[in-house]
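Enquirer: Here is what each chain is made of, one letter per residue.
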Amino acid sequence: MITTTKPAQRLAAQAGAAPRARRPLRTWLIAGAAYLVAILFLLPYLEMLLIAGRPNNELGQPTILPSHFTFSNFTTLWSGSGLGGSIGTSLQIAAGATVIVLLVALPAAYCTARRRFRGRGAFLLLVLATQMFQPAAMLVGVQREFVNFGVPPTLALIIINAGFNLAFAVWILNAFFSSIPVELEEASMVDGLGRVGALTRITLPLAAPGIVTALIFTFISAWNEFLVALTLSLGESPSQQPLPVAINNYIGEYSVDWGHLFAAGLVATVPVIILFAFIERRVVSGLTAGAVK
Amino acid sequence: MPAAIRRLVPLLWLGPAIALIGVVVLWPVVVMVQSSFQQIGGEGFVAGYNGITNYRHLFNEPDFVPVLLRTLVWVVVVVAVTVLISLGLAQLFHQRFPGRRVARWALIIPWAASVMMTALIFKWALDPNVGVINVILHHLGVVKQLGSNQADWLGNPTSALAWMMGVAIFVSLPFTTYAILSGLQGIPRDVYEAASIDGATSWRSYLAVTLPLLRPAILVATLINVINVFNSFPIIWEMTRGGPGYETATSTIYMVELKQGDVGQSASMSVINFLLVIVIVLVYLSTTRWKEQVDR
Numbered sequence: 001m002i003t004t005t006k007p008a009q010r011l012a013a014q015a016g017a018a019p020r021a022r023r024p025l026r027t028w029l030i031a032g033a034a035y036l037v038a039i040l041f042l043l044p045y046l047e048m049l050l051i052a053g054r055p056n057n058e059l060g061q062p063t064i065l066p067s068h069f070t071f072s073n074f075t076t077l078w079s080g081s082g083l084g085g086s087i088g089t090s091l092q093i094a095a096g097a098t099v100i101v102l103l104v105a106l107p108a109a110y111c112t113a114r115r116r117f118r119g120r121g122a123f124l125l126l127v128l129a130t131q132m133f134q135p136a137a138m139l140v141g142v143q144r145e146f147v148n149f150g151v152p153p154t155l156a157l158i159i160i161n162a163g164f165n166l167a168f169a170v171w172i173l174n175a176f177f178s179s180i181p182v183e184l185e186e187a188s189m190v191d192g193l194g195r196v197g198a199l200t201r202i203t204l205p206l207a208a209p210g211i212v213t214a215l216i217f218t219f220i221s222a223w224n225e226f227l228v229a230l231t232l233s234l235g236e237s238p239s240q241q242p243l244p245v246a247i248n249n250y251i252g253e254y255s256v257d258w259g260h261l262f263a264a265g266l267v268a269t270v271p272v273i274i275l276f277a278f279i280e281r282r283v284v285s286g287l288t289a290g291a292v293k
Numbered sequence: 294m295p296a297a298i299r300r301l302v303p304l305l306w307l308g309p310a311i312a313l314i315g316v317v318v319l320w321p322v323v324v325m326v327q328s329s330f331q332q333i334g335g336e337g338f339v340a341g342y343n344g345i346t347n348y349r350h351l352f353n354e355p356d357f358v359p360v361l362l363r364t365l366v367w368v369v370v371v372v373a374v375t376v377l378i379s380l381g382l383a384q385l386f387h388q389r390f391p392g393r394r395v396a397r398w399a400l401i402i403p404w405a406a407s408v409m410m411t412a413l414i415f416k417w418a419l420d421p422n423v424g425v426i427n428v429i430l431h432h433l434g435v436v437k438q439l440g441s442n443q444a445d446w447l448g449n450p451t452s453a454l455a456w457m458m459g460v461a462i463f464v465s466l467p468f469t470t471y472a473i474l475s476g477l478q479g480i481p482r483d484v485y486e487a488a489s490i491d492g493a494t495s496w497r498s499y500l501a502v503t504l505p506l507l508r509p510a511i512l513v514a515t516l517i518n519v520i521n522v523f524n525s526f527p528i529i530w531e532m533t534r535g536g537p538g539y540e541t542a543t544s545t546i547y548m549v550e551l552k553q554g555d556v557g558q559s560a561s562m563s564v565i566n567f568l569l570v571i572v573i574v575l576v577y578l579s580t581t582r583w584k585e586q587v588d589r
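As given, the protein sequences belong to chains A and B, one line each in that order. Going by my numbering, the residue at position 239 of the first sequence is 239; the numbering climbs one at a time, nothing skipped. Numbers given in my numbering equal positions in the second sequence, counted from 1, plus 293.
It is possible that part of the hints are untrue.
[Said to hold, decoys possible] Covered by chain B, per the in silico footprint, the following chain A stretches (three or more residues, Cβ under 8 Å):
1) 32 to 43
2) 62 to 76
3) 88 to 99
4) 102 to 109
5) 122 to 129
6) 174 to 187
7) 194 to 207
Don't read these hints as lab results, they were simulated from the structure. The C-beta atom is built at its ideal place from N, Cα and C for all residues, glycine as well.
With the hints as extra help, turn the sequences into a complete structure.
Expert: Right, dumping it as structure tokens:
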């Protein structure tokens, strides 16, 4: 029976006697530990839900669970402060940055994957450098450049988020294009598709998982970006501020509207957590490809 | 096509990317360095060049050296603890067990959610009067009295830093664990079989086989974490604003705080942060011989 066991189990089996009886117990111990870790990771976000759904008169009481769950914070979220406007602004920034990243990264990734030319290494090093330098390291320069040229905050944030997410997209698309055999493109060109046809009907569809990963990753990181958004949109009216900045308006000088803050926080986080689950398995390769290659 | 023109063809494909990098990354560096030699008011009005005055003032700030040392401790502790815990978590989630997909999905949540929101949850949970962490600690008898100084974790620089490091580790774990997991998946199974034939126990084979083979994954994960943790802004900003005074500020927070009063001096702090990042990256590139492998 030993011939079909997995290596890890085989090692465990060697360490002690009676492998047949031990294996299920060991599996359940592992599963139990993993579930415990998973719950620990989930708890802070469940707490967010508990506070958002807590009746406001219970916010000052030191109890772990609310007496009942109320949706009033979610329904009153939309009146007044212009949260809908902020969501619109954030959508514009995230979608705009995503479109620019794809338009710019696709040709660059394709070219570096297919051709060997002088300056290729230098270009890839430049891309790696942009991944290493985050906006925080050059905030003053970014702010002064875009303010000097009078660029409106939303447009500036689109361009800045596109620039700082370019590296991820180039790396992951480069990896996908490199994995598609050149012969496949050449064969379809011979079959009369032409160069453009080969690209749009063969290469791009085969690279689709990479494109979707780049698209979702850029969208999420532009949606979550806080420091540059705070710096550039601080003086704007709340509805013109991106969501992460607008959420901070619930923090007043003397008191914090925690109920609304976490209700808005859920609106901001739940959609991106679901989106992230789609790219979960591929996102690591996009982040690390540049540094290992 | 003449050779000279042929050589320029890649530029058509790479041009937009280079332009974007130029506008968003390269030009801001120029503006930043230039600003660090200028006298600039809080409103952004440039009063002219003032040589190295900004740097002299910055180096003379009593908070400057403590902030740099604190940044070093912040980066080293957060990254080291993150990598150690992630090695264990990756080993755990590499095993086969029922429900593994769902458990792994829960693991990514702090990575997908905005760090700012996670920081705000912990700020609420540490509220001296009603925060859930304090309420639980009160039930356990650790916190004697809710609302006391002891329960005001974020009011004391030492305990505030410890809690914020905890949050920074928490949000860094998913990526690091996933990076090490993908390293584990790349290790061929027959390596383990050879080790088990040689009579290695699980722990011995982990130290002798797994860990050395994980080296590239650990190195990359460490580098990316060092950069992220060094530049980390939302956690400290939301939980203490670097206060009381500048006693919990890292260099990024300090730079942002300076910007509200003296843009020129803030720019000189930025330049120093930027140089530190360059040093980190150069050290990394020299240890991994990046370029040779790209030109393979």
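Enquirer: Each of the hints needs a verdict: does it hold here or not?
Expert: Each hint tested on the structure:
1. 32 to 43: Satisfied; 8 residues make the cut.
2. 62 to 76: holds (count 3)
3. 88 to 99: violated (count 0)
4. 102 to 109: Our answer is that it holds, as 5 residues pass the Cβ test (under 8 Å) against chain B, meeting three.
5. 122 to 129: holds (count 7)
6. 174 to 187: violated (count 0)
7. 194 to 207: Result for this restraint: violated, n = 0.
When each numbered hint is compared with the structure, violations occur for hints 3, 6 and 7.
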